[in-house]
Amino acid sequence: MKLKKNNLKTYREKKKITQEELAKKTGVSRQTIISIENGRYVPSLPLALKFGKLFKCKVEELFGV
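So the sequence shown is numbered by the numbering used here: it starts at 2 and just counts up by one.
Just so you know, the hints here were simulated from the structure itself, not pulled from any lab data.
Certain hints may be false.
[What the hints assert, rightly or not] No farther apart than 25 angstroms at their CA atoms in a straight line, the calculated lysine-lysine pairs in the DSS-like style are these:
no. : residue 1 : residue 2
1   : Lys26     : Lys51
2   : Lys16     : Lys51
3   : Lys15     : Lys59
Fair warning: this is a prediction, and the values are worked out from it, not measured in the lab.
From just these sequences and the hints, can you work out the full model?
In structure tokens, the structure reads:
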């Protein structure tokens, strides 16, 4: 499955945190963050929910199919 909408990088940059910081806060590797931002990896539901909680937004605002 490929995501049509992926705003993770936009939200991360607005919050002024690095890929490394986001990886640590969500318990994944920096490489995972890079892969998600580049559209090569679709995050699991638990991970997507962590992103939503961290950025105080709905998962649908971050990702869409």
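Here is how each hint holds up against the structure:
1. Distance restraint check for Lys26 and Lys51: the Cα-Cα separation of roughly 9 angstroms lies within the 25 angstroms cut-off, and the hinted pair is therefore satisfied.
2. Pair hint Lys16 plus Lys51 holds up; C-alpha atoms about 15 angstroms apart against a cutoff of 25 angstroms.
3. Between Lys15 and Lys59 the alpha-carbon distance is near 16 angstroms, which keeps this suggested pair within the 25 angstroms criterion.
Comparing the model with each earlier hint shows no violations; every hint is respected.
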